[in-house]
Structures are given as C-alpha cells and as structure tokens.
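There are 2 protein chains.
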Amino acid sequence: MQVVLDYLKQNQARFVAELCELIRFPSISAQPQYKRDLVACAGWIVKHCRQIGLEATLRPTAGNPIVVAKTPRAKNSRKPHYVVYGHYDVQPPEPLDLWKTPPFEPRIEGRNLFARGSTDNKGQFFAHLKAAEAYLKTGTPLPCNLTFVIEGEEEVGSESLSAFLKKNCRELDCEAIVISDTGMPSPKHPALGYSLRGIMAFEISLQGPARDLHSGGFGGAVDNPAMALSQLLGSLRDKSGRITIPGFYDGVKPLSAYERKEYARLPGTDATLQKMTGVRKLFGERGFTSSERRSARPTFEINGLTSGYQGEGSKTIIPSWARAKITCRLVPDQKPEHVRKIVLAHLKKICPPTMRLEIEAGHGAEAYFVSPTGKQAQAALRALEQAFGHKPIVTREGGSIPIVNQFKKILGADSLLLGLGLPDDSAHSPNEKFSLDCFENGQRMSALLWQELVR
Amino acid sequence: MQVVLDYLKQNQARFVAELCELIRFPSISAQPQYKRDLVACAGWIVKHCRQIGLEATLRPTAGNPIVVAKTPRAKNSRKPHYVVYGHYDVQPPEPLDLWKTPPFEPRIEGRNLFARGSTDNKGQFFAHLKAAEAYLKTGTPLPCNLTFVIEGEEEVGSESLSAFLKKNCRELDCEAIVISDTGMPSPKHPALGYSLRGIMAFEISLQGPARDLHSGGFGGAVDNPAMALSQLLGSLRDKSGRITIPGFYDGVKPLSAYERKEYARLPGTDATLQKMTGVRKLFGERGFTSSERRSARPTFEINGLTSGYQGEGSKTIIPSWARAKITCRLVPDQKPEHVRKIVLAHLKKICPPTMRLEIEAGHGAEAYFVSPTGKQAQAALRALEQAFGHKPIVTREGGSIPIVNQFKKILGADSLLLGLGLPDDSAHSPNEKFSLDCFENGQRMSALLWQELVR
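For the protein sequence lines, the chains are D and B, in the order given.
For the first sequence, my numbering assigns the number 1 to the initial residue and increments by one for each residue that follows.
For the second sequence, my numbering assigns the number 456 to the initial residue and increments by one for each residue that follows.
So here's chain D without its partners, still in its complex pose:
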C-alpha cells in the first residue's frame, strides 16, 4: 500500500497540471453554445482514463455523454464493486467582471487553484481517478472493482442520468456509490455526509376580486388578498419557530445522542453564522442548535411573494390576487407526498371564505439517510482520518442532491458523501477555487478507502 501513497506523493505536480488541462474546457451545461466543449471535455476524460489504465468508454445519452471507466476486471472476479460518481459539467461563470482572472484559465495562488469547475466538480472526481492511477501504475492490486460514472448534466438536473442508470442497472450494480461533490466544514474537519434534506415545492395564490379595485371606492368592504395571504402564511409558524401545520413533523427521525455530539464538534459558532449571513439575530426552532436546524429539521420557507403594485411610488388598489412560492425542506423520514397532502389540506382548511385558493404543485424529493455508524461509513471515516490526519466528523447536509435518491431508487445502493470542498471555495460563484491540500488528501483518502471498505 505504501507504494501507492508514495506514487501519489511523487506525482502531485503532474496531477495539478493535468487537472488544469481538464479545467480549461468551458464545459458549461446550462448554455447550449458550449455543447461541443462538453463533448470535447468528456472525450479528454475518456482518453485520460485509458492512459492511466482504465477501460473507458463514452456513452451517448439524449443529452451530454457520460464517461464510464472501469478498473480492469479479472475473469470471474468476485471483488466487491463500487461506483465513483462525478460530473464534468460546470456552472456558468457569470458575472465575469467579478473574476480576478479568466474563469477557464486556472490560476494557482499558494495552495489554491482558482477556476470555474475546480472544486465543483472536476478537482474532486479527479482525485479519485488519480488514486486509481496510483494502484494501476504501481501494479498494486485493487481490493475492489471500480466503475467511474462521470456525467455532464449535473448542473442542469442530471436528466439523462436516470435513464442511463435504469438501462445499465446490472452493469452498475454495486455495494455503494462514492461521491465527492459536497464539502467539509474546515481543513481540520474531514467529513462524511450521511444525510440530505428533501424538498417539496409548491405555489399558492389567493384570488380575491376579479381585478384590481380602487381602494377608495371599495376599500373596507372587500377583503384584501395580500392581507389574507399574510394572515394565512403568518399563522403557519409559531413563536418558538415550529411549523403549526398538523402532522408536519410526522415521521421526523429524532437526532440520536451520537448525532448531536457530532453536531457539537462542528467548527463555527452562532456568531460566525450571524456574521456570514448578515442577519440582526439568528432565529429557529426552539430546542435545536443552529447547525441542527440547518440540516436535521424540516422547514417551511417562503421563497417569493408577489401581489399588487410593485413599482415606484404608490398605487391605491386592492390587489386582485396575492401569490407565494414555497419550498419545504424535508428530513428523514418525512415523505414528500404525505407532507404535500397535509400542508395543502391545512391551507384549504384555513383559507378564508373571501378568497379562492389556487395551488400549483412543484417538484418533490425525499430526504436521504444512511446510518453514520454502519460498516461502510466506519470504513470511510477510517480512510478520512488516515488521509487528512484529523478526526473526521459525520455531517448532515441541509440541501438536496437528487442523484443520491436516483442511485438509491434505481441501483438500491447507498452513497458515501466524501466532500472535499471547503466553505470558502465559492462553488457556483466568481473566483471558485479548490484547495490543493484537499486535492492531495482526497487522493490518499480514495486510495485508502478501497482498503478500508474490504477490511
């Protein structure tokens, strides 16, 4: 095993240069004019995988092609099989004027590599490729079979991936998916993500008068939809920060003592969070810390409000309607369809008789949870500790990663979320960067992980 780690150590400069080459492709999936760059980027990865000893193919989809690269299999190999997931597409770099240097011209400053796609996700999946290379190039037998699945539509919804997984579910049947596409709380806190929040989106509108009415002529005798909506929405959260919809917390898995202890180990204080967000005062559900609230508790969030006149000055009207965009973040084991049902039933029940309630359903996704004390999780934690030299932490993510649900649903496999990003990496923002320490430690973690998983 030492030879693998030595190989990694000795080849860092070349690895960084290769990563820079990969980053130079403006593989922006959201903008159709970059279609050829996406294909070129995928082609480069296939070629590179072959150079390092993987059996790689470019798989066409209805959208952007998917790179599939496998470690060579011995005949009738009974080694356990793991899938490593990544994506070669990146976010648009706009606004360009906020970049210190051009987004697709990698710039190294100290131990950071600045470029669009550096942390999200090229640098992160490339670390896993380099770990495989170390095994293959040193002739060290890999204790498991690996299949890399690198897609090109993650930033636009991974639409082609589902069909691809369904079509190739036998080929991709595996013990677990390894994904480095999230973050770690600090360089001293390597992390294993074991839970993601789900989501349930909808839009409601209250329709009052058939058209905007003159507030002088009618005001007082007709209910105001903006007021009715305010009262309706305002009633849904109490003073202790709890959502008042009956049944909203049905199925919410309570935090275990172990989880709360891990939460308490997280770096960053409420003061940090307050400064970061710029709020006057933090607020959340009584009985939970800010970190717990951000990832282990469900939310009812108004994302947008629209009613009446929004221009300069004033317009003396009773608006005809008022609308709110809402997303609920869900946690294990809430079911999106159940939450949708009880939320909408409650809204219908409390809608005042003066208003017509219209509801437009949006997308929904279940929360994700895999035990942080399970065998695979423990293996990942050992690998993290050895690679980073710090005791790792297990974390719940507050956001959602839809592909994790896809993997679970279609392949029946759990995901190990081994994010290598740092909180200041500016993913999706100007001056995105990736820490070269995280890159190197990530390669080591990957190399060690395959050993730990079969232990």
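Some hints could be false.
Said to hold, decoys possible - 30 Å max Cα-Cα, derived DSSO-like pairs, lysine-lysine:
#: 1; chain 1: D; residue 1: K341; chain 2: B; residue 2: K694
#: 2; chain 1: D; residue 1: K348; chain 2: B; residue 2: K770
#: 3; chain 1: D; residue 1: K70; chain 2: D; residue 2: K375
#: 4; chain 1: B; residue 1: K736; chain 2: D; residue 2: K348
#: 5; chain 1: B; residue 1: K804; chain 2: D; residue 2: K239
#: 6; chain 1: B; residue 1: K803; chain 2: D; residue 2: K275
#: 7; chain 1: B; residue 1: K864; chain 2: D; residue 2: K281
#: 8; chain 1: B; residue 1: K770; chain 2: D; residue 2: K100
#: 9; chain 1: D; residue 1: K315; chain 2: B; residue 2: K534
#: 10; chain 1: B; residue 1: K592; chain 2: D; residue 2: K315
#: 11; chain 1: B; residue 1: K525; chain 2: D; residue 2: K315
Simulated from the structure, these hints should not be mistaken for laboratory data.
Values in this document were obtained by computation on a predicted structure and should not be read as measured data.
Using the hints, position chain B against chain D.
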C-alpha cells in the same frame, strides 16, 4: 326663473353639439405631446365663455393654463360669490383597442354620449356653463356672482392649482365651491357628497440576511423576511375586520342616525357589490354595512407585496428582504400625521428582533367633511330634487379629492360635491360615457342651485 329653464330645454341639441366640439380636443395632461391640445382646448373654453356672456381669461401657470370666467359684476355688487370648479384635462385613452369608436370622436347612442372626457369632466362642468348661459342670454338676473375655475392638471395632481389659489385668494374668496366631478348612485338618486376619505401612504421593508441565502444551506437557522412580514402584517387586522393598531380609530367621527338612514337608502345590494367586484364573499368591519365600510370607515390596505423570487418555477432561497406598499384610507376626524405616528410606532414595536425595519413615508391627505344638514347642503338638496324629480341622497365618497382640501385650506371654503356621473360611466376606462339626461338635469340643477343658495 321659468324662462331660464325653458331656455335650457329649447337648446339641448345645440348644447350637445357644443359639448362634442369641446370633447374633440385630446387634452391629455399625462402625455407631454398633447401640450398644444391642452392649450387649444383652454382657448376654446375662453372663447366659448365670452360668447355666452362671461368675462373670461386664460391664466398662465407653471403648467397648463387655467380658465377663469366670471358672470358680469354690477359695481359694488354685494351678491354672494360662488366658485364653480372643473377641469378640461382628461385621462389617457389607452388601451385604444378596447374602444368601440375612437375616444376623441364623440358618439351618441340613445341618451349616452361616448368619448374620453365626456363624464370626467367636460360634460359635468359644461352643464354649469350652460346654466349660466341661460341666465345671461335670457337677461335673468343671477342671484349670486359666479367664478368658473377650469384647470388643466386634475388628472396629474393639480399641481399648479395650489399656487394659483394662493396667489388669487382674494379674487376667489367665496361662500362655497361647487364641484361636479363625482357620481350619483343611480339616475333616480341625485346626490350631494359631503365627505371624502383621506389617505396616508407608506412603504415598509424588513431586511433579514444581507443577501438571498440558499434555503438548503441556511434554512431553519435564519428567519425568513417574507414570513416575518406576513406575520407582522397579518397581526394588524383581527377576525372582525378591525385594525388592531392601538389608537388607529382615534378621532373617528361616529355615523349619525341621519347618516346611517341615508346610507340605507342607497341603491345596490351586497349581492350587486359582490357581482361587481367578483369576490367569493364580501368582508369588512363588523357592525357596519358594506356602503358604510366603503366610505365612512378607515382602512389599512396592502397595495403591493414584493419578496424574493417571482419568476417561473421555483428558486430555493431565503429572500434577503420583503416589502409592502400600504395606504390607509382615513375618515373624519382622523389626522394623517397622528395616524402615521401611531402606525409606525406600532410597527417598530412589533418588528421581530431578527429583522431591520425600514419605513418610507408617502403622501398624506386629511379626510373632508361638511355637515349634510347645513344651510348650503340643504339648498343643494332642494335644487337636486327639483332638477332630477327624485329625492336626493347625501353620500360619503370613499376616495379622496385633494383639491377639496386645497380649497378648504387656502380659500377657507367648503365644497358642494354635486356629481353627475353614473356608476357605469367608465371614467378613466375605455368607452367612457356621459348620460345626456344627467347633462340636462345637471344644467337645471345648476340654474336652480343659485336660487336656492340665496333663499
């Protein structure tokens, strides 16, 4: 007196033709390209006034000129002096495609004259001019001196009028102002308006995080400005429709038994109002009828709501801020500055500690009230009854007419609101019309009014 009324009867056809001539001027004050049409229109009125025997001049202002036309005064006349107010400017006719015939080409259909400006306000003030003509052309002595003040900026805020009134307050010193620029509830309900609501406008915004936050990463630990605003606004009205701001009803003059009896005589039922507005159910302050709520009670109206994402689909953010545009309709004897003070103090008091409250003050105007049982009002009611052949009604208007406050403040005189418009006249809308019956009855009412006022 009969000779005056006969003259009016005999000349209706010519009067309508003259009114059509006046209406053909596209005297749109809101659109600068019509500046010359406004001046031409004012010039036509001056010329016409002179033809009918008035002493008329065009008075320049910083904006559009004001027509001032006087009945000839006997030397050392001690007759009481009344001012008749009107405006020759009109609303823009847009949207043009909704007009059945071009807005400035008068069309007569049955007993209605369709055109922009027909009811608002050319037809209405022209009725008063024709009454004066009848006196002058028949050599009948007028029992009072009249001064017509016809301005050209009513639809854009009457800015030049205040300065004009201040500069000429001695010349315009009078017993009362007569204004036909409102409406009557039905052809069988000639009306004297004796009260107007005032207004107090402002805008509030709640500022939460310094920028929109990812609802996955932060949701639960940070208060949502759209929710905070909903709760804040929603708390301001109780289930019985009363505004909960302490002191909000300070000074509200209770309705007298006479007033409530007059309200009960108004045509139109709640069913009519519901149909007209298209609401599912009417709503308002307990203890008052819809008609009373619309004009005799103060309101707290949200005119607009803005927060977060308002485009297609969903965006998973905690909005940085939420904003509401608000106008309160005020009634006699609420004071706008007092209401502003207590409303803003209450908002500051209930603003949650998680939010920064910002308040932007808007315009304010006092409500207007003149006793409907006073001497002048009784004279007007007698004139209305004789002219229309129906028992008139006294009404409170729900809206505000800022010039009435100006007249009171600068000239110290009350206004007699003798509206000749009907509810289906579509003032400010496509296919505006004026009833030729109202035109004719209005002329008679004006002629009789001068007799009744001196009785």
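Structure-based check of all given hints:
no.: 1; hint: D:K341 with B:K694; verdict: holds, 27 Å
no.: 2; hint: D:K348 with B:K770; verdict: holds, 24 Å
no.: 3; hint: D:K70 with D:K375; verdict: holds, 24 Å
no.: 4; hint: B:K736 with D:K348; verdict: holds, 16 Å
no.: 5; hint: B:K804 with D:K239; verdict: holds, 16 Å
no.: 6; hint: B:K803 with D:K275; verdict: holds, 24 Å
no.: 7; hint: B:K864 with D:K281; verdict: violated, 47 Å
no.: 8; hint: B:K770 with D:K100; verdict: holds, 28 Å
no.: 9; hint: D:K315 with B:K534; verdict: violated, 43 Å
no.: 10; hint: B:K592 with D:K315; verdict: violated, 46 Å
no.: 11; hint: B:K525 with D:K315; verdict: violated, 37 Å
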